[in-house]
Amino acid sequence: MPELARAEGARITSAADAIREATELAMAQDECVFVMGEGVTDPKGVFGTTLGLRERFGEDRVLEMPVAENGWTGAAIGAALAGQRPILVHQRVEFTLLAMEQLVNNAAKMHYVSGGKHRVPITIRLIVGRGWGQGPAHSQSLEALFAHVPGLKVVMPACARDAKGLLLGAVADDGPVVIIEHRWVHYAQGEIDPGWAPLPLQGPRKLTSGDDVTVVATSYMTLECQQAVAALADAGVGVELFDLRVLRPLGVEAIVQSVRKTGRLLTVDTGHASYGIGAEVIARTVAGAFDDLRAAPQRIGLPEHPTPSSAALSQHYYPRSPQVAARIAELVGLPAGTRDAIVARLAHSREDQPLDIPHPSFKGPF
Amino acid sequence: MPELARAEGARITSAADAIREATELAMAQDECVFVMGEGVTDPKGVFGTTLGLRERFGEDRVLEMPVAENGWTGAAIGAALAGQRPILVHQRVEFTLLAMEQLVNNAAKMHYVSGGKHRVPITIRLIVGRGWGQGPAHSQSLEALFAHVPGLKVVMPACARDAKGLLLGAVADDGPVVIIEHRWVHYAQGEIDPGWAPLPLQGPRKLTSGDDVTVVATSYMTLECQQAVAALADAGVGVELFDLRVLRPLGVEAIVQSVRKTGRLLTVDTGHASYGIGAEVIARTVAGAFDDLRAAPQRIGLPEHPTPSSAALSQHYYPRSPQVAARIAELVGLPAGTRDAIVARLAHSREDQPLDIPHPSFKGPF
Amino acid sequence: MSSPHEMAPRATMMQTVVGPDERLALLTAMIRVRRIEERIAKEYPRGQMRCPVHLSIGQEAAAVGACAVLRRHDKITSTHRCHAHYLAKGGDLQAMIAELHGRASGCCGGRGGSMHLFDDDAGVVASVPIVGGNVPLGVGLALAAKQRRDGSVAAVFFGDGALEEGVVHESANLAATLRLPVVFVLENNLYSVYTRLEQRQPPRSMSRFADAHGMPAMEIDGNDVLSVRGAMLHAVTRARRGDGPSLLVAHTYRQLEHCGPADDDHLGYRPAGELSRWAARCPIQRLCNEMLEHDEIDESALDTIEATIAREIDEAFVAALAAPFPAAHTIAEAIHA
Amino acid sequence: MSSPHEMAPRATMMQTVVGPDERLALLTAMIRVRRIEERIAKEYPRGQMRCPVHLSIGQEAAAVGACAVLRRHDKITSTHRCHAHYLAKGGDLQAMIAELHGRASGCCGGRGGSMHLFDDDAGVVASVPIVGGNVPLGVGLALAAKQRRDGSVAAVFFGDGALEEGVVHESANLAATLRLPVVFVLENNLYSVYTRLEQRQPPRSMSRFADAHGMPAMEIDGNDVLSVRGAMLHAVTRARRGDGPSLLVAHTYRQLEHCGPADDDHLGYRPAGELSRWAARCPIQRLCNEMLEHDEIDESALDTIEATIAREIDEAFVAALAAPFPAAHTIAEAIHA
Ligand SMILES: Cc1ncc(C[n+]2csc(CCOP(=O)(O)OP(=O)(O)O)c2C)c(N)n1
Ligand SMILES: Cc1ncc(C[n+]2csc(CCOP(=O)(O)OP(=O)(O)O)c2C)c(N)n1
Ligand SMILES: [Mg+2]
Ligand SMILES: [Mg+2]
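Residue numbers (the numbering used here), protein chains in the order written: chain A, -6 to 359; chain B, -6 to 359; chain C, 162 to 498; chain D, 162 to 498.
Please keep in mind that the hints were generated in silico from the structure rather than gathered at the bench. Heads up, some of the hints might be wrong.
[Stated by the list, open to error] DSSO-like, lysine-lysine: derived pairs with alpha carbons at most 27 Å apart:
| id | chain 1 | residue 1 | chain 2 | residue 2 |
| --- | --- | --- | --- | --- |
| 1 | A | 110 | C | 307 |
| 2 | A | 199 | A | 254 |
| 3 | C | 203 | B | 37 |
| 4 | D | 203 | B | 110 |
| 5 | B | 199 | B | 254 |
| 6 | D | 203 | A | 37 |
Nothing here was measured: the structure is a model prediction, and the numbers come from that model.
Model the full structure from these sequences, guided by the hints.
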């Protein structure tokens, strides 16, 4: 996908605001769009992303839900079969585990099974995150579970523009779309396109160009990678950084082309490494760019164990820009001294900030 | 893992009988072991695998369950926390989607979260399959969803010996083990080791040796691969065939060693290809054997859409030995004529059997 | 009622006055469902219907009585045992038989098989093979009806086994809280596969499930089509008025095996004599006898009905067997809408 | 009772005769829980407890009254709001405070944080942050108790929000069918996060949930520790006798924000005056006043109690802050048992 031109009237906003704006636009544009979820009408409005919607659109279109994820996910699918276009919000991906049956067996398959007659235009916003001692059952990033399921589309925005554009694209899509939002991306400020500007649900986006190594990141890890890439650029390392954006359907053409040039690939995603997003990107890229590979592709992901709550441990759990930079440096064979200086610089730039909060304004708990 | 020596007193049996025998042995050996599930006491006894257990061990140890998968999976975890060792049976993996929350958040994590104090020694038998028009929500092979979850062990037996030995190993394990049984493997006849003979839950098993290509298969696809490998052997193609057996924790050492020798890798698994088992095997093997790779590793898995019910379509959905042989032939550069002859021979050997049943004795429905 | 479980005191005869024309229609609809199922059972062993089949022989009154009250634009969702619901709601017979045969002309183009029957024109929105999975879908249809103010109601068919699934509880709570126009139609046939009710649920009236969700329940003889119809009329009227959901508990019995075409009494999971006792309470025979007694119908009229149905069924099977299979190249079509 | 939902007629005073010693023990236990929670609230803003905390201030009577009847080898499971249950059942205070501080000496070695408190020695088997997720675990404990014939019972604590989860329905059905020795203790504090009961459930008595599963229910004033204790005694006795599960519905109220240490009345999600009405019904004040009136206690005895508790709390915080964090190299330990 080509870079989007800077649109006239683009505004700077947080991704969370961008999500709210997109939802409001979608609801204004189409009466069939409605929002449902636990907390969508409460004073916090799902991290601010649903605030004000009830006031504007009324009770029938902004539905507070009981704590019953499988039930109301199934009800959303039923409503969609009758022509509605629900936007569902699960405040943490762990709650969605209760709704897997409806999502995998009904939402994902109805269109196919019915020979194309049924449509299930639902958008499912799932929130993932890290930090503030959420612990093992409130901090997972389980996108691989959804990405594996044919019939779903799965997207992960890493910036405000995508948070808005992909959500609009999802609502406009006639099938089920899972949007996985990282809580720390909610805080990311960036330009958004004005008005009704849905983005197609396809393709990674190239963020930087370079000849030495291709890096493919997802969601919040894109932001960590950007820092690493900037630091490496000073040392003359050219990184071609992609934000994967769309996990399913997965398009790797641009990545393959890039690796044909760089010969090197590193994937950096938000989930567990094993059987994760990086493995698929690597398998496809190796198939497409085998002859041009100069080194074995590498992955960075979460370790193969649950998230410990204690900040003393979780600071060693989550990869950040220094680790990314170190791996890239090794991949391209940067001298150890240069590498260590870059890593130290990146680590230093964080020193005054706690590592378990998304933004200095954050006071915990989630 | 080295090949097991043929044990004194080894017997030939079906994998289904092997499972029944293992369950009976485990229950006889340890009072804490009990069986629970929908249909475990009924006249069909979960495809014969639980027949007779209630008569021998009584009501308290062979528990018929309501249709409430999340509830009784959670209850099993609770019982395990109190020292019991339940064996759960879900007759189809789709039903387990309802129990994902308990499995992923509680079973998989309690040991870690408790700093090693809690133990959840449960064995979860999940049945997957193909054939007889089961259709999209009764025929999935979702092992990748479980394999992605740290804290679980995930095994897939492909023969009677493993069906028995891995089940005993799972019951003996102090943590949660997911055993994914393929309905068509239930029919597979083979030797089993006598008596209490648990197998360690680790490592692929090498089934054939060869210098030309490494093939890694899971579950029922191992049987299809065996046919392909035999046919290719006649044409002088040396295949090193591995049955992966244990998806988590994944050990790829033997596979890496093999690929160092053969330079070529094909994975053939029972699930969807994207974000599936093959991707992980490839990502790790490429990392371990990069310098010796002679071609890009390849994968065979299910296509990226649901299973159609009609046999007219499903015959094109499921890969079988001819497709496997064709891919291997291409990987090693076999002349087209030789390849086509082998493929034709394999296809011909099936001609008199319907492709949607596991065994000539099968009369449908499941 | 041979249910060993307590029946609620409110279980009353829900028959309302039904004219002879409608009685004839109910009888004809039940006979039609029965004959179709019998024909499926007869043809099944030939191996041309290569998918599981869950027959409703003995349970026709619930499907027919409930759907008699629904209008065409009302909607239903059903289960693995969906043939009777699909037919009673007006689903296309040819598309159903073709689907069982895996043909391109099937209602799912052969992709779904017998557990996925649907016919949007008739308001049969979905049947799903996961127990309980169709229940929230029906609640969602009712939610959409309320939001779109289209005046339709939804009915959800499910079994005694499904009552054990958490999602049914969640669905009932949601429907009651939002006062959605939905009727929960529970067919208690005493079994989930081979497992009897007592092994799966404590003894108590199933209608208490409705109490727990603040909705009215009617417990009825599910083999009396007039009772089913009467209770359903009550529930549907209520739903259409905007007064929210109700539960119907229809006690009935499955006469053939859980899945497949055969008798299975030899397996011994049914208490001795139970099957024959229930067979004697055949819903079709019951209405038929009553109508014969009252001279509302005679043997020759019955013969005409049977002949018409037989012709229709013959045609459906002939058409299905003649229909092409879906072409191989279509297998990857329609993955994403 | 300011619950807008109907209360069952059987909701009676469940107080049984309780001697002064036990009243004193109940009072002390409640004060102790309150002071610990207050201290957490006070220290929390310093950012040393870097995990979510869900305080039970106002709800102490349910935890203390229910656990008073349990023996040490009886078992409980709890939720995200587990502090009071953990403490009332005898969980180790120091291990709890250390856990909140993410220290190696915490009950989970710092791995769990405040939503995973457990203490096997005290029978606090598990607390889990997924709403409803602990309920089947408790049923499983009861199943094991029955299989092992160890004479223990299990109690499961959950909230009004959890009642909406399907797994709670499934758990109740399973417990009732197998007649397991378990007590379901439902604390209705009227809210799930910021969402009031009426937005999530239809108006009806929650005790009907028990009727639906053929088990007895007792609906009680959850701010009256003696009522809770009395009802629990009844339920536990029944369970121990082998007569199966019961449901306790304890109506109570959370005074602080859902998650975190602060007052949140300014958010406006509570009807005006509700918080102060409930604060006036403080379970501790209630018993304390009664005991003062009956001269079962005096101010100086109270001072002694407070002083003892304060010392214990100080010690726990000092110990926690002095305790080492888990070493980095331990992070990958104990993945598989
Ligand atoms: C979630 C789930 N669990 C288990 C099954 C297996 N199964 C298929 S039909 C059935 C029986 C359900 O009983 P009931 O709801 O009473 O329907 P009936 O077959 O009696 O019509 C079961 C358990 C399933 N399809 N889905
Ligand atoms: C399955 C699930 N859904 C949603 C949540 C988010 N959540 C955390 S606490 C809570 C409130 C639950 O209310 P209740 O059960 O009444 O307990 P209370 O907080 O009032 O003690 C919710 C919805 C969750 N943790 N788990
Ligand atoms: Mg039934
Ligand atoms: Mg509450």
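Hint check:
Among the hinted pairs, residue 110 (chain A) with residue 307 (chain C) is consistent with the structure: their alpha-carbon atoms are about 23 Å apart, no more than 27 Å. Of the supplied pair hints, the one linking residue 199 (chain A) and residue 254 (chain A) holds, its CA atoms being roughly 14 Å apart against a limit of 27 Å. Taken as a hint, the residue 203 (chain C) and residue 37 (chain B) pair is honoured in the structure, with Cα atoms around 23 Å apart against an allowance of 27 Å. Restraint check for residue 203 (chain D) and residue 110 (chain B): the C-alpha separation of about 31 Å exceeds 27 Å, so the hint is violated.
With a C-alpha separation of about 14 Å, the suggested pair residue 199 (chain B) and residue 254 (chain B) falls inside the 27 Å cut-off, and the hint holds. The straight-line distance between the Cα atoms of residue 203 (chain D) and residue 37 (chain A) is roughly 23 Å, inside the 27 Å bound, and the hint therefore holds.
Of the numbered hints listed earlier, the single one contradicted by the structure is hint 4.
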